[in-house]
Amino acid sequence: MIERQECDVVVVGGGAAGMAGALACHEQGLRVTVIEREESLGGILLQCIHNGFGLHHFGEELTGPEYALRFRQSVEESGIHVCCRTTAFRLEDKGSYRSVMTCSGEHGVREYRAKAVILSVGCRERNRGNIGIPGTRPAGVFTAGLAQRLTNIDGYIPGRRVVIVGSGDIGLIMARRMTWLGAKVLGVVEIMPTCSGLLRNVVQCLEDFDIPLYLGHVVTKIIGADRVRAVEVGPMRDGEVDTSAVFRLDCDTLLLSVGLVPEHDLAQDAQAEISPDTNGPIVDANWMTSVPGVFACGNGLHVHDLVDDVSHESRLCGLSVADFVRVGGFDNEQLTVNAGTNVKYVMPGKIASGRGCSLSFRSLIECEKATCTLRQGPNILVSKTLRFVRPAEMIRWDITTEKLKGACGEPVELSLGKATNDE
Amino acid sequence: MTSRLCGTYDVVVVGAGVCGGAIARQLSKYDLRVAILEKCADVSFGVSKANSGIIHAGFHHPTDTLKTKLEIRGNMMFEKLQHELKFPFERVGILVVAFSPEEMETCRNLYLQGCENGVSRLQLLNAAKIRAMEDVLSPDVFGGLYAPTGGIIEPYRYVFALIESATLNGVTLATRWELAQAHRRQGVWELVSTGGETCRTRWVVNAAGLYADKVSGILGAEEFQIVPRKGEEYLLRRGAQGCPRHVLFPVPSHTSKGMLVIPTVEGTVMVGPTAHETDDKCDVSTSASNLRLVFDNAKRMVPAISSRDIITAFAGMRPTVEGQDFFIDISSMASNVVQVAGIQSPGLTASPAIGLYVKDLLKEAGLKLTEKPGFVHDLSASPVVRDLDGQSLAKLIERDRAYGNIVCRCERVSEAQIVEAIRKGHTTLDGIKFYTRAGMGRCQGGFCSYKILRIIQRETHMPIESITKRGPGSEIVLGTLEEEGART
Numbered sequence: 212m213i214e215r216q217e218c219d220v221v222v223v224g225g226g227a228a229g230m231a232g233a234l235a236c237h238e239q240g241l242r243v244t245v246i247e248r249e250e251s252l253g254g255i256l257l258q259c260i261h262n263g264f265g266l267h268h269f270g271e272e273l274t275g276p277e278y279a280l281r282f283r284q285s286v287e288e289s290g291i292h293v294c295c296r297t298t299a300f301r302l303e304d305k306g307s308y309r310s311v312m313t314c315s316g317e318h319g320v321r322e323y324r325a326k327a328v329i330l331s332v333g334c335r336e337r338n339r340g341n342i343g344i345p346g347t348r349p350a351g352v353f354t355a356g357l358a359q360r361l362t363n364i365d366g367y368i369p370g371r372r373v374v375i376v377g378s379g380d381i382g383l384i385m386a387r388r389m390t391w392l393g394a395k396v397l398g399v400v401e402i403m404p405t406c407s408g409l410l411r412n413v414v415q416c417l418e419d420f421d422i423p424l425y426l427g428h429v430v431t432k433i434i435g436a437d438r439v440r441a442v443e444v445g446p447m448r449d450g451e452v453d454t455s456a457v458f459r460l461d462c463d464t465l466l467l468s469v470g471l472v473p474e475h476d477l478a479q480d481a482q483a484e485i486s487p488d489t490n491g492p493i494v495d496a497n498w499m500t501s502v503p504g505v506f507a508c509g510n511g512l513h514v515h516d517l518v519d520d521v522s523h524e525s526r527l528c529g530l531s532v533a534d535f536v537r538v539g540g541f542d543n544e545q546l547t548v549n550a551g552t553n554v555k556y557v558m559p560g561k562i563a564s565g566r567g568c569s570l571s572f573r574s575l576i577e578c579e580k581a582t583c584t585l586r587q588g589p590n591i592l593v594s595k596t597l598r599f600v601r602p603a604e605m606i607r608w609d610i611t612t613e614k615l616k617g618a619c620g621e622p623v624e625l626s627l628g629k630a631t632n633d634e
Numbered sequence: 017m018t019s020r021l022c023g024t025y026d027v028v029v030v031g032a033g034v035c036g037g038a039i040a041r042q043l044s045k046y047d048l049r050v051a052i053l054e055k056c057a058d059v060s061f062g063v064s065k066a067n068s069g070i071i072h073a074g075f076h077h078p079t080d081t082l083k084t085k086l087e088i089r090g091n092m093m094f095e096k097l098q099h100e101l102k103f104p105f106e107r108v109g110i111l112v113v114a115f116s117p118e119e120m121e122t123c124r125n126l127y128l129q130g131c132e133n134g135v136s137r138l139q140l141l142n143a144a145k146i147r148a149m150e151d152v153l154s155p156d157v158f159g160g161l162y163a164p165t166g167g168i169i170e171p172y173r174y175v176f177a178l179i180e181s182a183t184l185n186g187v188t189l190a191t192r193w194e195l196a197q198a199h200r201r202q203g204v205w206e207l208v209s210t211g212g213e214t215c216r217t218r219w220v221v222n223a224a225g226l227y228a229d230k231v232s233g234i235l236g237a238e239e240f241q242i243v244p245r246k247g248e249e250y251l252l253r254r255g256a257q258g259c260p261r262h263v264l265f266p267v268p269s270h271t272s273k274g275m276l277v278i279p280t281v282e283g284t285v286m287v288g289p290t291a292h293e294t295d296d297k298c299d300v301s302t303s304a305s306n307l308r309l310v311f312d313n314a315k316r317m318v319p320a321i322s323s324r325d326i327i328t329a330f331a332g333m334r335p336t337v338e339g340q341d342f343f344i345d346i347s348s349m350a351s352n353v354v355q356v357a358g359i360q361s362p363g364l365t366a367s368p369a370i371g372l373y374v375k376d377l378l379k380e381a382g383l384k385l386t387e388k389p390g391f392v393h394d395l396s397a398s399p400v401v402r403d404l405d406g407q408s409l410a411k412l413i414e415r416d417r418a419y420g421n422i423v424c425r426c427e428r429v430s431e432a433q434i435v436e437a438i439r440k441g442h443t444t445l446d447g448i449k450f451y452t453r454a455g456m457g458r459c460q461g462g463f464c465s466y467k468i469l470r471i472i473q474r475e476t477h478m479p480i481e482s483i484t485k486r487g488p489g490s491e492i493v494l495g496t497l498e499e500e501g502a503r504t
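Taken in sequence, the protein lines are chains V and R.
Counting with our numbering, you get residues 212 to 634 for the letters of the first sequence.
Counting with our numbering, you get residues 17 to 504 for the letters of the second sequence.
Bear in mind the hints are in silico, worked out from the structure with no lab data behind them.
Note that the Cβ used here is the ideal one computed from N, Cα and C, for glycine as well.
Among the hints, a few may not be true.
Here's a subset of chain V near chain R, in silico, CB distances under 8 Å, partners left out [stated by the list, open to error]: (1) G316; (2) V320; (3) R335; (4) G343; (5) D365; (6) I368; (7) R438; (8) A441; (9) G445; (10) P446; (11) V457.
Simulated pairs of lysine-lysine, DSS-like, Cα-Cα distance not exceeding 27 Å [to be verified]: (12) V:K432 <-> R:K297; (13) V:K595 <-> V:K629; (14) R:K440 <-> V:K432; (15) R:K102 <-> R:K440; (16) R:K102 <-> V:K305.
One side only, chain R facing chain V, incomplete, derived with CB under 10 Å [stated by the list, open to error]: (17) C22; (18) G23; (19) S303; (20) A304; (21) S305; (22) L445.
Start from the sequences and build out the full structure, keeping to the hints where you can.
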């Protein structure tokens, strides 16, 4: 038998985003259910045992599990209904309600009928197939996050001599982690000429341990029939590998930290429009996808650098959901925000006219003293100077209602430029 | 599943791939003692696991070849086999796509060849017709050939099912059993493994795939060489752009049927394979230049195909012998040996017929075949959570809660399915992957590997360090922090 339950909001995913979204909804008096596939709330934070979380949100430096536990405690105290070890496998818009089908060993199959749904499903790691590393297919090739999980939660040692592909934050943190557990990290190989993780991680995770960073290099081949025996690494010259300069690193393990991709399966199942830029669903100024009543936030929407930003965004999303549930829809006028010069993408892609907003965006350039500008046609609505911008670091810009008072109608454009040229 | 070998067998099949499986299952219908020996950690881990999964129609090769006879006969056996063994198979049809009058001429020759071979319902198509049948095709298409009897199959599921059926009917399977020596004494073969185990049998069937030449040598039978012809393939995600409805072939060359675009039974798309002879049977590496080659060819037929949709790449080997036909015969050099060698494409299609053919060879050679009254034709279907509606899943979870615990999110595989695979003897990550599809989806095991490791450990009591990807040497983790701590 399929058991039916009704509530105001179903939050799919109980990580950082889901917990913040659920708490905001609860605060506003909504009946909330959180669906979590793992054993407990917390998501990927639980395997991130390093510190550096919470500087913005809590004003202090926490480890991942500490950050998660603070939110988890609030959720538990609030009395929000939480279903762990439960998988949401279907999402459908039924007009008057949203149907979320879940299954678990404990409760069997359930259908939740909710006025709104928040998709806070997180992201997955790009893997070997996605970047097409040639060579054999032995054991010992892991995504960095999987290796992190195996080490920090399960207590296993994934490898002894390690090469890491990609200088994303998880890759850098895993370089340090593997060193700490006694493994030899032979190097971090990054295809781009610059590091793609946070600068503080380059210093604290590589430089402090004398781990070489091979910028502008790629792994050209994986060697080893059963377990990884070695990899070949070569420098890039004019977009091609310089085969004359290829060298070999003898290792038993290859970790891949080559990017994260929002999980959009449920959004796609509900026929929400998916953005080719982020791979997450497209949302409007209210964090609502193209399917009415289905909202998205966190790394399942777009990939963030800092969990603090995830919590912030998800809270805004939750508040917006409360508006939706109260009124049964939105009628606010919205302006499209386009990514202009030097901007990779802007999230959300719309803002409500005459209301403040929080924009997240990524730069295509690296420079000191950059100016970001929000224009409508020839008019500059608002601008701001940033100390430093680089593609690896997401920029968050909270704009007050006052600044956007006059804006309505035409799309606006967000652009970035070097401060000296622009002003 | 490794069972103890004991006593003297009537027939021992060397190699648990698609041929060995089909032969063993065929022989399990008779009152015989049969064993099947496999050097790898699981069945189907050799040639049979890495191929295109096509059931060919039978128009590619000349009528008088053994491979054509067995291909045509095998093709027609799949509905019955699927009904009995419950593996994924669909007769979606094959289109050979021509881009010029010259290529159309080749299609016409394939049509004539097919008719002569006895392929039914072949049809030549003009541009409008072929595009109406398959709207993802390039607008430059000139015409083509339609073979409605062609199909697609999940090859490893088919091999698993063959061997499951064989063992259910009394065949003994020994995995990690690699043949090292063979002696014949008083009319009985004594086979010795690399691990020093012995196995006695009256007949030996050499279905050792890439290593059939080596096995033949050990048996003192015919000298021949298996030349591996490597093929690289790329798997694209479910819902990938340009997914066709039929299997799309280009016009073939002299050495290969060309690089195809294949809609798999699971909704993914496969493109490839390349065809390169190699001298290294272990060389299953893939290369950047072949990726370009495969996609250039695929895009020529289906422009929407994109390498952005790649989930994974792999390479497989076609075991070829001189002359390029199958070599299936009673050995003329060693007593009581049947050679089943050089089974390249269309070996998968031909396999059920190869089973029958080998059975007939053995019968002609004097093996007494008495039908077993208790032969069980059917395997029971195992539930696949991903394919169930809510109601059926709810019922299933009421029966066994473990069906509600989803372990692999991409392919929606439950804990119960993983446990079933383990209990059926698939105790490596690859074995479980091929049996259940857990880890075969977009995240490629990123989110489920650690869960599966734990389930294997719980079910088998193996130490975590001895759990492998595909057998000894391919261990997943190299130690535990607990032990490391105790040591320091």
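We went through each hint and held it up to the structure:
Residue-level restraint check for G316 (chain V) holds (minimum Cβ-Cβ distance to chain R is 4 Å; threshold 8 Å). A least Cβ separation of about 4 Å between V320 (chain V) and chain R falls short of the 8 Å threshold, and the interface hint therefore holds. The interface hint given for R335 (chain V) holds, since its Cβ lies 5 Å from the closest Cβ of chain R, which is under the 8 Å cut-off. The criterion of a C-beta within 8 Å of any C-beta in chain R is met by G343 (chain V), whose closest approach is roughly 6 Å, and the hint holds.
For the restraint placing D365 (chain V) at the interface with chain R, the shortest Cβ-Cβ distance is roughly 6 Å, inside the 8 Å limit, so the hint holds. Satisfaction of the interface hint for I368 (chain V) is found here, the shortest Cβ-Cβ separation to chain R being roughly 4 Å, below the 8 Å cut-off. The interface hint given for R438 (chain V) holds, since its Cβ lies 6 Å from the closest Cβ of chain R, which is under the 8 Å cut-off. Because the closest C-beta pair between A441 (chain V) and chain R is about 13 Å apart, greater than 8 Å, the hint is violated.
Against a cut-off of 8 Å between C-beta atoms, the interface hint on G445 (chain V) is violated, since the closest Cβ of chain R lies about 11 Å away. The interface hint given for P446 (chain V) is violated, since its Cβ lies 15 Å from the closest Cβ of chain R, which is over the 8 Å cut-off. The interface hint given for V457 (chain V) is broken, as the beta carbon of that residue sits about 13 Å from the closest beta carbon of chain R, more than 8 Å. Taking the CA atoms of K432 (chain V) and K297 (chain R), the gap is about 18 Å. The hint holds against a cut of 27 Å.
Between K595 (chain V) and K629 (chain V) the alpha-carbon distance is near 12 Å, which keeps this suggested pair within the 27 Å criterion. For the hint pairing K440 (chain R) with K432 (chain V), the CA-to-CA distance comes to about 35 Å; that exceeds 27 Å, so the pair is violated. Between the alpha carbons of K102 (chain R) and K440 (chain R) the distance comes to roughly 16 Å, so the proposed pair stays at or under 27 Å and holds. Between the alpha carbons of K102 (chain R) and K305 (chain V) the distance comes to roughly 35 Å, so the proposed pair goes past 27 Å and is violated.
With its C-beta approaching chain V no nearer than about 30 Å, C22 (chain R) sits outside the 10 Å limit, and its interface hint is violated. A distance limit of 10 Å between C-beta atoms decides the matter here; for G23 (chain R) the minimum to chain V is near 34 Å, and the interface restraint is violated. The criterion of a C-beta within 10 Å of any C-beta in chain V is met by S303 (chain R), whose closest approach is roughly 5 Å, and the hint holds. Here the hint on A304 (chain R) is kept, as its CB sits about 5 Å from the closest CB of chain V, short of 10 Å.
Residue-level restraint check for S305 (chain R) holds (minimum Cβ-Cβ distance to chain V is 9 Å; threshold 10 Å). The criterion of a C-beta within 10 Å of any C-beta in chain V is met by L445 (chain R), whose closest approach is roughly 8 Å, and the hint holds.
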